[in-house]
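Protein chains: 2
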Amino acid sequence: MKRAVILLSGGLDSVTTLAIAKQQGFDCYTLSFDYGQRHDAELVAAKKLSIQMGAIEHKVINIDLRSIGGSALTDTTIDVPDHHEAGIPVTYVPARNTVFLSIALGWAEVLQAHAIFVGVNAVDYSGYPDCRPEYINAFEKLANLATKAGVEGQYLHIHTPLIDLTKSQIIQQGIALGVDYSQTISCYQADNEGRACGQCDSCRFRQQGFEQAGISDPTYYQKQI
Amino acid sequence: MKRAVILLSGGLDSVTTLAIAKQQGFDCYTLSFDYGQRHDAELVAAKKLSIQMGAIEHKVINIDLRSIGGSALTDTTIDVPDHHEAGIPVTYVPARNTVFLSIALGWAEVLQAHAIFVGVNAVDYSGYPDCRPEYINAFEKLANLATKAGVEGQYLHIHTPLIDLTKSQIIQQGIALGVDYSQTISCYQADNEGRACGQCDSCRFRQQGFEQAGISDPTYYQKQI
Chain A
218 MKRAVILLSG GLDSVTTLAI AKQQGFDCYT LSFDYGQRHD AELVAAKKLS
268 IQMGAIEHKV INIDLRSIGG SALTDTTIDV PDHHEAGIPV TYVPARNTVF
318 LSIALGWAEV LQAHAIFVGV NAVDYSGYPD CRPEYINAFE KLANLATKAG
368 VEGQYLHIHT PLIDLTKSQI IQQGIALGVD YSQTISCYQA DNEGRACGQC
418 DSCRFRQQGF EQAGISDPTY YQKQI
Chain B
218 MKRAVILLSG GLDSVTTLAI AKQQGFDCYT LSFDYGQRHD AELVAAKKLS
268 IQMGAIEHKV INIDLRSIGG SALTDTTIDV PDHHEAGIPV TYVPARNTVF
318 LSIALGWAEV LQAHAIFVGV NAVDYSGYPD CRPEYINAFE KLANLATKAG
368 VEGQYLHIHT PLIDLTKSQI IQQGIALGVD YSQTISCYQA DNEGRACGQC
418 DSCRFRQQGF EQAGISDPTY YQKQI
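From first to last, the protein sequence lines stand for chains A and B.
The opening residue of the first sequence carries number 218 in our numbering; numbering runs sequentially from there.
The opening residue of the second sequence carries number 218 in our numbering; numbering runs sequentially from there.
One or more hints might be untrue.
Repeated chains share a single entry, so a pair holds when one copy, or any two copies, can fit it.
Computed list of lysine to any residue pairs in SDA-like fashion (alpha-carbon distance at most 25 Å, straight line) [said to hold, decoys possible]: (1) K440 / E369; (2) K365 / H376; (3) K358 / A339; (4) K358 / V307; (5) K440 / S284; (6) K365 / F427; (7) K358 / I380; (8) K219 / H331; (9) K365 / Q390; (10) K219 / K265; (11) K276 / D434; (12) K264 / E410; (13) K276 / Q241; (14) K365 / D299; (15) K264 / E369; (16) K358 / G370; (17) K276 / G286.
These are computed hints drawn from the structure, not numbers from a lab.
Since the model is a prediction, treat every value here as computed from it, not as a measurement.
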């Protein structure tokens, strides 16, 4: 029994991460969050891709991060910028990865899984503090102190297979594993049909990734760009 | 501005922690969770006590840990034991404190608070791994790597004023600060009126605490014990 919990947003990175976990022989349990994000089309994508890619179970946990606010992704009074900002952008959701990893940790313990996969990336990313290797290392350390499983000596490992890859390398790896990127949604403000804006940071990193990988961009955009 | 987020379950420990934070001059923002626990009478107590004790704001976050299961507190098919178990008991909720602290961290960042108070206790406790000092230290380290505030050098401190106290010392300190313990609910299976069972671990530690402190136990029990 080799089980893993995969954090799955439905975006390009997390879906590639799922494909990698599967290739490594894990039974995959995918975990998504309905946290009051603007772009809940990605939840539809996450469910669809979990089934298509053979996950054993897909769970969606409701958690209202909107009531905390503080981010353009959860507070409709803050606009998603159409340009890249210096420093940590307003799309940063306070403590989001920590909350998501914590819940993944709880589920991993119940499943007796010793692996959590998360598609964080420290190269072509938006400057989020909770995507850095030192953050992931600190979480792994915490995880092994936090749980009954950890106390009993079952080491839990946080896998970050994308952490050192550029967006184009991620795409190349996913294509090699048969990922259908037309189904993934990365846009911060996708519409109800899952079509991307083509303007936000997330869209721009993704576009550049396809361009640099020399692969035609299969994304559905709200208008032709 | 000296703000703190206080994790408030409505039980004896967390309410004493709130009293201590107030005494230390913090503006207190109390945070409770509706996580599918059996004993939601404690949420009513948490709200009432937040108002009585002058918290600036009380927030209840819904998060369904029931869908993860794995604990007698969130899974009605697992009985709450009426005796003390060796090792980590079935009332342990996988990764609960990590999930709660993560959300507190997100709110603290939005509030620009540099303090989180949590009433964990490593002396008279039930053997939960996420109540130990090494766990708290690891969380504090993680917290300061996880957030925009941390990256910008605003150090966040996790305060655990009860960590080295016995239950009777906690009660003595709370009494000195004017805490009305008759309103607090510690029982794992309190009824809808907030009356305690008198049998579970949490009830027993509490009873012993009052006894050792030489203070008459003001708890409302389901039957006279």
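Results of checking the hints against the structure:
Taking the closest pair of Cα atoms, K440 and E369 never come within 25 Å of each other, the shortest separation being 54 Å inside a single copy and 38 Å across copies. For the homomeric pair K365 and H376, the shortest alpha-carbon distances inside one copy (20 Å) and between copies (23 Å) are both at most 25 Å. For a Cα distance limit of 25 Å, the shortest separation of K358 from A339 qualifies both inside one copy, at 19 Å, and across copies, at 20 Å. Taking the closest pair of Cα atoms, K358 and V307 come within 25 Å of each other only across two copies (24 Å); inside a single copy the shortest separation is 29 Å, beyond that limit.
In this homomeric assembly, K440 and S284 never come within 25 Å of each other (Cα to Cα): the closest approach is 32 Å inside a single copy and 39 Å across copies. Taking identical chains as interchangeable, the C-alpha atoms of K365 and F427 are never at most 25 Å apart, the minima being 43 Å within one chain and 29 Å between chains. Taking the closest pair of Cα atoms, K358 and I380 come within 25 Å of each other both inside a single copy (18 Å) and across two copies (21 Å). Proximity of K219 to H331 under the C-alpha cut-off of 25 Å is restricted to the intra-copy arrangement: shortest distance 8 Å within a copy versus 40 Å between copies.
Taking identical chains as interchangeable, the C-alpha atoms of K365 and Q390 are never at most 25 Å apart, the minima being 36 Å within one chain and 31 Å between chains. Taking the shortest Cα distances, K219 and K265 sit within 25 Å of each other inside one copy (23 Å), while across copies they are farther apart (47 Å). Taking identical chains as interchangeable, the C-alpha atoms of K276 and D434 are never at most 25 Å apart, the minima being 29 Å within one chain and 43 Å between chains. Taking the closest pair of Cα atoms, K264 and E410 come within 25 Å of each other only inside a single copy of the chain (15 Å); across copies the shortest separation is 41 Å, beyond that limit.
For the homomeric pair K276 and Q241, the shortest alpha-carbon distance inside one copy (21 Å) is at most 25 Å, but the shortest distance between copies (42 Å) is not. Taking the shortest Cα distances, K365 and D299 sit within 25 Å of each other only across copies (21 Å), while inside one copy they are farther apart (45 Å). Taking the shortest Cα distances, K264 and E369 never come within 25 Å of each other, neither inside one copy (33 Å) nor across copies (37 Å). In this assembly of identical chains, K358 and G370 lie within 25 Å of each other by CA distance both inside one copy and across copies; the values are 13 Å within and 22 Å between.
Taking identical chains as interchangeable, the C-alpha atoms of K276 and G286 lie at most 25 Å apart whether they share a chain (24 Å) or sit on different chains (12 Å).
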